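Listed below are the residues making up each chain.
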Amino acid sequence: MATSTQSIAASNWKAAERPFDVWEIRKDFPILRQKVHGKPLVYFDNAATSQKPQVVIDTILRYYTTENSNIHRGIHQLSEQATKDYEDARKKVRQFINAPKEREIVFVRSTTEAINLIAQSYGRTFIKTGEEIVISAMEHHSNIVPWQMLCEQTGAKLRVIPINQDGEILFDEYKGLLNDRTKLVSVAHVSNALGTINPVKEIVEEAHRRKIPVLLDGAQAAPHMKIDVQELDCDFYAFSGHKLFGPTGIGVLYGKANLLEAMPPYQGGGDMISLVTFEKTHYNVLPYKFEAGTPNIAGGIGLGAAIDYLNRIGIEAIEAYESELLSYATEAILSVPGLRLIGTPSKRAGVISFTLDGVHAHDIGTILDQEGVAIRAGHHCAMPVMQRFGVPATARASFAFYNTKEEVDALVRAIHKVNEVFGSCRT
Amino acid sequence: MSDLSELYQEVILDHNKSPRNFRKLEGANRMAEGYNPLCGDQFTVYLRLEDDVIKEISFQGAGCAISKASASMMTASLKGKTEAEAKALFDRVHKMLLGELDTKSGEHNLGKLSLLSGVCQFPARVKCASLSWHTLQAALKGAGGVATTE
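Just so you know, the protein sequences line up as chains A and B, in that order.
The working numbering applies: residue 831 is where the first sequence begins, and numbers increase by one.
The working numbering applies: residue 11 is where the second sequence begins, and numbers increase by one.
Just so you know, the hints here were simulated from the structure itself, not pulled from any lab data.
Quantities reported herein were computed from a predicted structural model and do not represent experimental measurements.
Cβ coordinates follow ideal geometry from the N, Cα and C atoms, glycine included.
Be careful, since some hints might not be right.
Below, simulated SDA-like cross-link-like pairs (lysine to any residue); rule was C-alpha separation at most 25 Å, straight line [said to hold, decoys possible]:
{"no.": "1", "chain 1": "A", "residue 1": "Lys1247", "chain 2": "B", "residue 2": "Glu20"}
{"no.": "2", "chain 1": "A", "residue 1": "Lys921", "chain 2": "A", "residue 2": "Thr879"}
{"no.": "3", "chain 1": "A", "residue 1": "Lys869", "chain 2": "B", "residue 2": "Pro133"}
{"no.": "4", "chain 1": "A", "residue 1": "Lys865", "chain 2": "B", "residue 2": "Lys122"}
{"no.": "5", "chain 1": "B", "residue 1": "Lys27", "chain 2": "A", "residue 2": "His1246"}
{"no.": "6", "chain 1": "A", "residue 1": "Lys865", "chain 2": "B", "residue 2": "Cys130"}
{"no.": "7", "chain 1": "A", "residue 1": "Lys1110", "chain 2": "A", "residue 2": "Ala1122"}
{"no.": "8", "chain 1": "B", "residue 1": "Lys27", "chain 2": "A", "residue 2": "Val1221"}
{"no.": "9", "chain 1": "B", "residue 1": "Lys122", "chain 2": "A", "residue 2": "Gly1220"}
{"no.": "10", "chain 1": "B", "residue 1": "Lys27", "chain 2": "A", "residue 2": "Pro1167"}
{"no.": "11", "chain 1": "B", "residue 1": "Lys27", "chain 2": "A", "residue 2": "Glu1250"}
{"no.": "12", "chain 1": "A", "residue 1": "Lys1247", "chain 2": "B", "residue 2": "Ala72"}
{"no.": "13", "chain 1": "B", "residue 1": "Lys34", "chain 2": "A", "residue 2": "Gln1217"}
{"no.": "14", "chain 1": "A", "residue 1": "Lys1247", "chain 2": "B", "residue 2": "Leu14"}
{"no.": "15", "chain 1": "A", "residue 1": "Lys869", "chain 2": "B", "residue 2": "Gln19"}
{"no.": "16", "chain 1": "B", "residue 1": "Lys34", "chain 2": "A", "residue 2": "His1246"}
{"no.": "17", "chain 1": "A", "residue 1": "Lys1247", "chain 2": "B", "residue 2": "Phe132"}
{"no.": "18", "chain 1": "A", "residue 1": "Lys1247", "chain 2": "B", "residue 2": "Ser15"}
{"no.": "19", "chain 1": "A", "residue 1": "Lys1247", "chain 2": "B", "residue 2": "Asp24"}
{"no.": "20", "chain 1": "B", "residue 1": "Lys34", "chain 2": "A", "residue 2": "Thr879"}
{"no.": "21", "chain 1": "A", "residue 1": "Lys869", "chain 2": "B", "residue 2": "Asp13"}
{"no.": "22", "chain 1": "B", "residue 1": "Lys27", "chain 2": "A", "residue 2": "Lys1110"}
{"no.": "23", "chain 1": "B", "residue 1": "Lys122", "chain 2": "A", "residue 2": "Gly1253"}
{"no.": "24", "chain 1": "B", "residue 1": "Lys27", "chain 2": "A", "residue 2": "Gly1220"}
Chain A stretches covered by chain B per the calculated footprint, using a threshold of three residues with CB under 8 Å from any CB of chain B [unchecked claim]:
{"no.": "25", "region": "1184-1191"}
{"no.": "26", "region": "1196-1205"}
{"no.": "27", "region": "1212-1225"}
Could you build all of it, start to finish, from the sequences and the hints given here?
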């Protein structure tokens, strides 16, 4: 019955009443029925983007079929409905991450845009020459390059928290990096290349001791675990809709209202103003001050549908299922001769990164694809991580709650096939 | 599975495992670096060019089996060739990788390089196979910069 979910209120769906049934859940994702090269699709590239449940696809179709119009300005039925649905989606996001206020939820294109917004609006206003921004050695390029650009513009300096051989942040080194010149800490909640769950609550606490604000890149965390921005007490939190089973082109920036209020707009245009004359423009209130131009309306509403869907399954149930799947996968994959895990943190979510003796990740990717198994091969937009582990690239299998142990078995069989093709480590 | 065995032919796997001319070339008078930002493959191609003739050629770097084998086979086939011959060969190899050359006819004059023709069935891997060739072109031009596949 997992397909008729739209009418069931989130509160009616309790994990206890409805045990997690992955085979029922898979029916909600039409793409998973596909075959690739004649083999059933095994989709293990969820860290790159996740698949969409039918209810999200239907919501977008319904929006364009019956409701399409511009929001926040039309005095007609369609516009009022679209505005309501878009703002309802904002409410759903607020609730999903337990933000105190709706006006603290800014819709952006992606996590990348959210980080750029903070760098250019907050950074250029509050970070000066000689002051410092702290990131970690396991960041995605999108949490490195915007800060490098800011440093070039302002003369600020980028400081990097080192990581150990398991792929974990060295906490004492982090504490040592914080000083009077530190003006912002920006780290991944979960690493996209290693799967490490960072101790972000402790990271925030430590920074707040010195009154330093913290931005968390939640792109890889939001699809796998309960996010509570009040419990984390982070100042900014960013994530993407498309990794959260929603559409591409929509993302979320949460920011504490007092900080967002103090920041200048990121882009100028329609919707972000309250009054424009050639002499002076008055900016709109939060969150619209940061939402110039017609937004991704269908994307926002689609993301709302994805959040409804996740709430109905229950994020705690997802977390428990994935944890078991990840343990199973880690053990199974380590049975392959010549396989080395890159990143062995004690707390991990969603991602297994590995190399195979004598075989480049790209070759692994091609052979796995022929077996219907989709993974990512490369540097995962985290080249400094690859340098840290002394590898040019890794193969990465990344999981979602619709993946199964049977699919893990197919992955392991396919990796054995790679060894066969390359004639190494024959078993 | 025939596609896969056409891609990873014995000769290609052998060049990957034991690449030919895989060293820094002392006395090189041309060199260029090649880089594929998609997968991080990185090669340096060294040339000793005398009177328009490639007297010595070698390469170094890291990459996937296809890029490494292609680079190795390239160095093996270019020694003694003139600059113009090397460029003509590059054009034919490039066409082959894009599937625009009839490699079955035997008139392609590609020799062992024709074993790379299986790559055209794998569009995502064409850049791997052509990386060293783009780097060669940069080295011949004497640009000395970084060639990329983008």
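Against the structure, the hints:
no., hint, in the structure
1, A:Lys1247 - B:Glu20, "16 Å, holds"
2, A:Lys921 - A:Thr879, "24 Å, holds"
3, A:Lys869 - B:Pro133, "20 Å, holds"
4, A:Lys865 - B:Lys122, "35 Å, violated"
5, B:Lys27 - A:His1246, "19 Å, holds"
6, A:Lys865 - B:Cys130, "22 Å, holds"
7, A:Lys1110 - A:Ala1122, "17 Å, holds"
8, B:Lys27 - A:Val1221, "18 Å, holds"
9, B:Lys122 - A:Gly1220, "33 Å, violated"
10, B:Lys27 - A:Pro1167, "18 Å, holds"
11, B:Lys27 - A:Glu1250, "14 Å, holds"
12, A:Lys1247 - B:Ala72, "23 Å, holds"
13, B:Lys34 - A:Gln1217, "22 Å, holds"
14, A:Lys1247 - B:Leu14, "11 Å, holds"
15, A:Lys869 - B:Gln19, "23 Å, holds"
16, B:Lys34 - A:His1246, "35 Å, violated"
17, A:Lys1247 - B:Phe132, "18 Å, holds"
18, A:Lys1247 - B:Ser15, "12 Å, holds"
19, A:Lys1247 - B:Asp24, "18 Å, holds"
20, B:Lys34 - A:Thr879, "41 Å, violated"
21, A:Lys869 - B:Asp13, "15 Å, holds"
22, B:Lys27 - A:Lys1110, "68 Å, violated"
23, B:Lys122 - A:Gly1253, "21 Å, holds"
24, B:Lys27 - A:Gly1220, "20 Å, holds"
25, 1184-1191, "holds (count 4)"
26, 1196-1205, "holds (count 3)"
27, 1212-1225, "holds (count 4)"
Of the hints listed earlier, those the structure fails to meet are numbers 4, 9, 16, 20, 22, in rising order.
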